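With the first letter of the sequence shown counted as 1, position 61 gets the number 61 in the numbering used here; the numbers rise by one all the way through.
Since the hints were derived computationally from the structure, they do not count as laboratory data. Remember, predicted model here, so these are calculated numbers, not experimental data. Idealized CB from N, CA, C, for every residue including glycine. Treat the hints with care, as some may be off.
What the hints assert, rightly or not - Ranges of calculated distance between the beta carbons of each label pair, as one might list FRET restraints:
#1 E11 with M90: 40 to 50 Å
#2 D10 with G36: 47 to 57 Å
#3 D60 with V32: 33 to 43 Å
#4 P66 with L3: 13 to 23 Å
#5 I133 with Q70: 32 to 42 Å
#6 G92 with G9: 22 to 32 Å
#7 K134 with W14: 17 to 27 Å
#8 E6 with K65: 29 to 39 Å
#9 E16 with E42: 31 to 41 Å
#10 P63 with E6: 24 to 34 Å
#11 W14 with V135: 41 to 51 Å
#12 D85 with D48: 25 to 35 Å
What the hints assert, rightly or not - Derived pair list, reagent style DSS-like, types lysine-lysine, alpha-carbon separation capped at 25 Å:
#13 K68 with K104
#14 K104 with K33
#15 K134 with K58
#16 K53 with K68
#17 K7 with K68
#18 K68 with K58
#19 K53 with K65
#20 K7 with K65
#21 K7 with K58
#22 K33 with K7
#23 K104 with K53
#24 K65 with K33
#25 K104 with K65
#26 K68 with K132
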Amino acid sequence: MTLRGEKHGDEIVWRETLVGKMNVKSVPARVVKPAGGGMRVEGAAWSDGTPLKALEVKIDDGPWKPAKLQSNGGNNNTWSFWTYDWSDAMPGDHTVSSRATDAKGAVQPAPDDPFVTMKKTRWENNQWAVRKIKV
1 MTLRGEKHGD EIVWRETLVG KMNVKSVPAR VVKPAGGGMR VEGAAWSDGT
51 PLKALEVKID DGPWKPAKLQ SNGGNNNTWS FWTYDWSDAM PGDHTVSSRA
101 TDAKGAVQPA PDDPFVTMKK TRWENNQWAV RKIKV
């Protein structure tokens with residue numbers, strides 16, 4: 001069960017519901033320095049069985065930029081590792097976020113999205129994961 005709030009005007013009504021299917025999600029796992037220079041962000045993404053369509057990466061407060069979903073051996077792209085080549089990495093502290101989109105158009109929500117914030121239980125959390133790194 002999960003406890004989800006629904007706004008009705010100025011009032012919030014709390015309802016217990018069954019936990020649903022897995023929501024589209026991605027996480028940046030690590031940042032590495034490849035032999036060719038620059039930095040590479042690596043991570044994973046998955047969905048409820050719907051193929052993944054796109055993966056984007058955000059560095060600090062910059063724009064979302066496309067990353068490369070990797071082939072995963074024929075599971076219809078319902079999960080995938082991904083990479084983003086970060087060529088202009090500057091020394092210092094940074095934040096790295098990722099968001100996935102599936103073939104049905106479901107987009108991984110922001111941490112402040114009501115889909116995430118209007119829950120008392122966290123079984124279905126799938127908001128962007130924000131990683132803090134030092135280059």
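Verification of the supplied hints:
1. Range check, E11 to M90: Cβ separation about 47 Å, and the 40 to 50 Å hint holds.
2. Our hint of 47 to 57 Å for D10 and G36 holds, since their Cβ atoms are close to 56 Å apart.
3. Take D60 and V32: their Cβ atoms lie about 19 Å apart, and the range 33 to 43 Å is violated.
4. With their beta carbons about 36 Å apart, P66 and L3 fall outside the hinted range of 13 to 23 Å.
5. Checked against the hint of 32 to 42 Å, the pair I133 and Q70 fails, with Cβ atoms roughly 21 Å apart.
6. The hint said 22 to 32 Å for the Cβ distance between G92 and G9, and at roughly 46 Å that hint is violated.
7. At about 41 Å, the beta-carbon gap between K134 and W14 misses the expected band of 17 to 27 Å.
8. Checking the proposed 29 to 39 Å range against E6 and K65 shows it holds: the Cβ atoms sit about 35 Å from each other.
9. Distance hint check for E16 and E42: the Cβ-Cβ separation is about 38 Å, which falls inside the suggested range of 31 to 41 Å.
10. At roughly 33 Å, the beta carbons of P63 and E6 sit within the given window of 24 to 34 Å.
11. Range check, W14 to V135: Cβ separation about 43 Å, and the 41 to 51 Å hint holds.
12. For the pair D85 and D48, the beta carbons lie near 29 Å from each other, so the given range of 25 to 35 Å is met.
13. Between K68 and K104, the direct Cα distance comes to roughly 19 Å. Compliance with the 25 Å bound is thereby established for this hinted pair.
14. Between K104 and K33 the alpha-carbon distance is near 34 Å, which puts this suggested pair outside the 25 Å criterion.
15. Taking the CA atoms of K134 and K58, the gap is near 15 Å; set against the 25 Å cutoff, the hint holds.
16. A C-alpha spacing of about 10 Å is found between K53 and K68, which places the hinted pair at or below 25 Å, so the restraint holds.
17. For the suggested pair K7 and K68, the alpha carbons sit about 38 Å apart, so the restraint of at most 25 Å is broken.
18. Annotation: proposed proximity of K68 to K58 holds, straight-line Cα distance about 14 Å (limit 25 Å).
19. Using a Cα cut-off of 25 Å, the hinted pair K53 and K65 holds, with the two alpha carbons roughly 14 Å apart.
20. As the CA atoms of K7 and K65 are separated by approximately 33 Å, the hinted pair breaks the 25 Å bound.
21. For a cut-off of 25 Å, the pair hint linking K7 to K58 is broken: about 30 Å separates their Cα positions.
22. At most 25 Å may separate the alpha-carbon atoms for a hinted pair to count; K33 and K7 exceed this at roughly 46 Å.
23. Proximity of K104 to K53 is assessed by CA-CA distance (about 8 Å); at most 25 Å being required, the pair is judged to hold.
24. With a C-alpha separation of about 19 Å, the suggested pair K65 and K33 falls inside the 25 Å cut-off, and the hint holds.
25. For the hint pairing K104 with K65, the CA-to-CA distance comes to about 20 Å; that is within 25 Å, so the pair holds.
26. At roughly 21 Å between alpha-carbon atoms, K68 and K132 fall within 25 Å of each other, so this suggested pair holds.
Comparing the model with each earlier hint shows violations of hints 3, 4, 5, 6, 7, 14, 17, 20, 21 and 22; every other hint is respected.
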